[in-house]
Amino acid sequence: MTAPVLEVEDLRVRLRTPRGPADVVNGLSYRVGAGETVAVVGESGSGKSVSVLALLGLLPAGIATVTGRALLQGEDLLTMAPERLRQVRGPGAGMVFQDPMTSLNPVLTIGRQIVEGIRAHGDVDKAAARRRAAELLGEVGLPDPVGALDRYPHELSGGMRQRVVIAIALSNSPALLVADEATTALDVTVQAQIIDLVEKLQAERGTGVVWITHDLGVVAGIADRVLVMYGGRCVEDGTVDDVLENPVHPYTRGLLGALPDLARPAVGGVVPDLATVPGVPPAPTDLPAGCVFWPRCPVRGDARCETEQPPLAVIGSADVRLPHRAATWCTDRTSGTESPAGGFR
Amino acid sequence: MVVLAGVSVIVFALVHLVPGDPVRLALGTRFSQETYDALRERSGLDQPLVQQFVSWLGSALTGDLGVSFRSGDTVASLIGERLPATITLAFASILVALAIAVPLGTISALRPRSLVDRVATVFSQFGISVPEFWMSIVLILVFAGTLGWLPSGGYVPLTEDPAGWLQRLILPAVVTGVVSGSVITRFVRSSVLEALGADHVRTAQAKGLSSRQVFTGHVLRNALLPLVTVTGVQLAYLLSGVVVVEIVFSWPGLGQLALQSVQARDYPVLQGAILLFAVVFLVINLVVDLLYTAIDPRIRR
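Protein chains in written order, with my numbering: chain A, 19 to 363; chain B, 54 to 354.
Be aware that a few hints might be false.
[To be verified] Ranges between beta-carbon positions, derived for each pair:
1. A:K144 - B:G111: 56 to 62 Å
2. B:V175 - A:D205: 49 to 55 Å
3. A:T35 - B:Q313: 54 to 60 Å
4. B:R351 - A:D205: 20 to 26 Å
5. A:M119 - B:G198: 42 to 48 Å
6. B:S182 - A:E326: 28 to 34 Å
7. B:L67 - A:S175: 32 to 38 Å
8. A:R149 - B:F179: 51 to 57 Å
9. B:L67 - A:D205: 44 to 50 Å
10. B:G207 - A:V142: 57 to 63 Å
[Claimed, not checked] Some residues of chain A that are not near chain B, with every Cβ distance over 10 Å (derived):
11. E25
12. T83
13. D162
14. L174
15. R223
Read the hints as simulated data drawn from the structure, not as lab findings. From the three backbone atoms N, C-alpha and C, an ideal C-beta is built for every residue, glycine too.
Pulled out of the complex, with its shape left as it was, chain B reads as follows (with noise of 0.2 Å):
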């Protein structure tokens, strides 16, 4: 709650730094100065900044985030069109990115120096550089370019075309499942390693257990907590939006609204946004520590 607070203050100031004024931007190029003065009225951008902040921070504690400048829809209504894109995205995304980097990093850390622990390497170095729009792009062109097998963009909802759905999911999925994949590679093979070398797992060797059972009671236990935390972060990451991935794809998701409100000056848009961000950041926290108690016994009381 009190982060929550902070965050509010730093992104009603943050926001309103931002040079541009948003009544002239949604007007565009000619208007008279009553139409300016009315519209800037009714935004409530004459009062004081600190008044604004107020009201403003009023209204979202009853869930009102107020109403679009350029649209004249709800916030809230606009970031609840995009939320089931994101959420679909991210979910998809880390699902992609674990399937990769869970093997991956378990089978390099328990062979160093084998070919898988190579192909481990060159991956998430790959996956870490490589822009995703040129990635996106590649994929575009080979998959529904080229091939044919794929749509080059756009969102369907699940309910509407299931297949559509799907079809329409890998590519965007792939793109940031093999960027966050990249990253939780490396991070399960240096925690598998790590747990591999501890003394316990000497103890457990010693009782006689079959190297799987060493391996799946005493290395991977082990080895989840900082992969819990990765993926953790990886998923917020996801959850607010991953822009480039998304304007390529043209998928209806919260980075492009966000983008979209930062361009237009639409602050109570880009206000509800970042304060989503917030929570999701804060609920994701939460969630990872609920974890931590539940695999590692030292940090229950």
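Here chain A stands alone, though its shape is the one from the complex (with noise of 0.2 Å):
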């Protein structure tokens, strides 16, 4: 195995807000090789977003405290130098933002957003950045580059400047593409065109991706290995058929419990209610001394759950590759009992 793309190692970010300190993010690691796609996915407020933007140093300065270590080819990115911070920006990872409607800057011209993108990391002219801007939009899929580039954001659909962002992310060819909720704003033909998109470059550039999302479909489609959220912290991950075929923390198969299942047929005409996980995530000022997912958890038991936090520990074989990892006390007295909702792949 080639020396992963991205290795992140107990990162942990804390938050000043005016109810005190929120630890939002608790002790993450995981690593992303090269030509691989890890998919994050817990729902809103679990951190996922935070833990990526924290990577690139992109939260507030002054409000958030990050620690731990991310190296990003070997260099970690949260120890670096502002400078050689902003040069790793760009070829060393792009990011995708979620929104298109907002993380394009609606006055200038999209042109000049992917040009100073290019210009910023190597002594391009003016010209050559603007057909090298073209060549990328061309390659996202849209229609008349060259045109596009005089075009303003608000110009073009959610879709196009989607494309767009993609295309300022992968302007410096980064060895790294973080995906923040890339898809989750568009409708699901231009979602599956992005992906498709992202993958074919992926393999052509054998770029390591972060996918977060909180759309499970997405993950059946597009990762190689899993990493479930909650709490700031990692519940469960492994591959991908490890996690969706067999969940075992009771949070991930309450996620994918409450996924529709458009094989099973309403009865009697009655369409079935979704299954839900009760309750919202906890507050990150105010983390459960437990399990974090103990006060909704629908099999919670003895005292252990509540008082002691439980940790990422390997589930069945441990000399794969990828072994499949899970945080909770009750992977005996579930496994193997009930296989979740399918429907997904």
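Now that you have both chains on their own, put them together as the hints suggest.
If you want it as structure tokens, here you go:
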């Protein structure tokens, strides 16, 4: 196995809030190999976005304290000098943001916004950078790429804008692509096109991808590995097959159980209610002492769940390249009892 | 144009609603009924109001704003005399205001809760709440009195005495500039803060632009719209005359002219001045709108 593109170790993010310090990310560790896609899933407020923004130093300074290690091609992003970090943003790691409607500057042309990214990382003259920008727009499937250079974001649809954001992220052929809910705001057909595009570029360039989403259908389609986040912790990770087919953590089971099942027809004309995970994620200012999922857990048991934090332990064989791990006390009790709702693969 | 027509009706009505008789005021305390009637007739004040309005509007449309009851000069020439002083003070004040507000507001937005931010807050509180006349008098006492560096007031045209022009301009421009500047500082601070928090700023950072590039290319330009608006409003206000400062510094501007014509019930001058203020506001709004389209492509069609 080649050296990983990204290696995150014990990443912790603490935010200063009016209600006291909030521990938004609590000891997250994962690695992304070249050409590999790691999906980070979890509901809103689980710390997914913050964890990747922290990697690239994009959290507001003075409010966030980030600790741990995040090696991008061997270099620690978290201790990097500001100028080196600037150089790495772009060629080292490109980022696609969640909302295409707001992630482009409304008063600058598309061309200018791509060109400035290219020119920030190399002595490229304007004309050459413009040609490269048009090429990129063509690659991401924008019709009339040359004409689009002189257009403003508001003249493009959401899907087209997201392609532009992706083109910007790819403009310096990054070793790592971080996509934060990149397709959440888009409709399904556009979403599928964008995923195809990223997979194609990944195959061509060997880019490592961190794909943040709460859409398990997307995970099944794009990811090699899955990391389930809850309360700022990784509660389960492993290969897509392990995690989606044989989830161990009650939270992962809950998430999978909450998927609508199109294969199961309505009984007597009545569409069964969607299963839900009752409650809301814990406030990061006030995390439970034991298992983070304990307050909402449908199968919670003894006092250990409430008071002692379960470690991320290997489930099944530890000898495989990517072991399946989960942080829960109830592996013995529930393993193999019930298979989750299918229909997403 | 519709706005102007409306303004002219309102101006006319308001001016004539003010109690007091201009003829009586012009004649003083001892006069005969014949003189009174003669002057009243000559000024057209014996006519019904509607007819007065129609004839005033008719001549105003041809550029003739009438003749002052008090001095007998044409309104146009009275306003024309005051215009250079007012324009000078207004633009000097806006320059002072922007020179203070843009750096102060920007730095305090970039470094919230820093020393500069606190200074900016105190400054804008001070500028908004301290009365202009008090500030003017203190400045005169210090700079014209104790230090003797600057004259205490008056106005000379730039063409006659450039040095004297500048010396006399500084103090009144600082007073009105500080007042406008404290309003603008708050706008700059909040609009820069808002622009900084925009999602696209993060995109720009993620591209690997330097902080200077991010700031000039992505923050400043987006913070410009509110700045243009508030600057336009402030400029229009300054161009309509700043009565208190003009009086303290004996600055012969439009504010003083308007005040004097109110006191004398000099209807034609007052109407002319107010009409001019309305035109100034309209023109500035037009310029602000044009600047909008230049800055923000979303407004272009």
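Here's how the hints hold up against the structure:
no.	hint	verdict
1	A:K144 - B:G111: 56 to 62 Å	59 Å, holds
2	B:V175 - A:D205: 49 to 55 Å	51 Å, holds
3	A:T35 - B:Q313: 54 to 60 Å	59 Å, holds
4	B:R351 - A:D205: 20 to 26 Å	23 Å, holds
5	A:M119 - B:G198: 42 to 48 Å	60 Å, violated
6	B:S182 - A:E326: 28 to 34 Å	59 Å, violated
7	B:L67 - A:S175: 32 to 38 Å	52 Å, violated
8	A:R149 - B:F179: 51 to 57 Å	55 Å, holds
9	B:L67 - A:D205: 44 to 50 Å	58 Å, violated
10	B:G207 - A:V142: 57 to 63 Å	60 Å, holds
11	E25	20 Å, holds
12	T83	17 Å, holds
13	D162	18 Å, holds
14	L174	12 Å, holds
15	R223	18 Å, holds
In summary, the structure is inconsistent with hints 5, 6, 7, 9 from the numbered list given earlier, while agreeing with the others.
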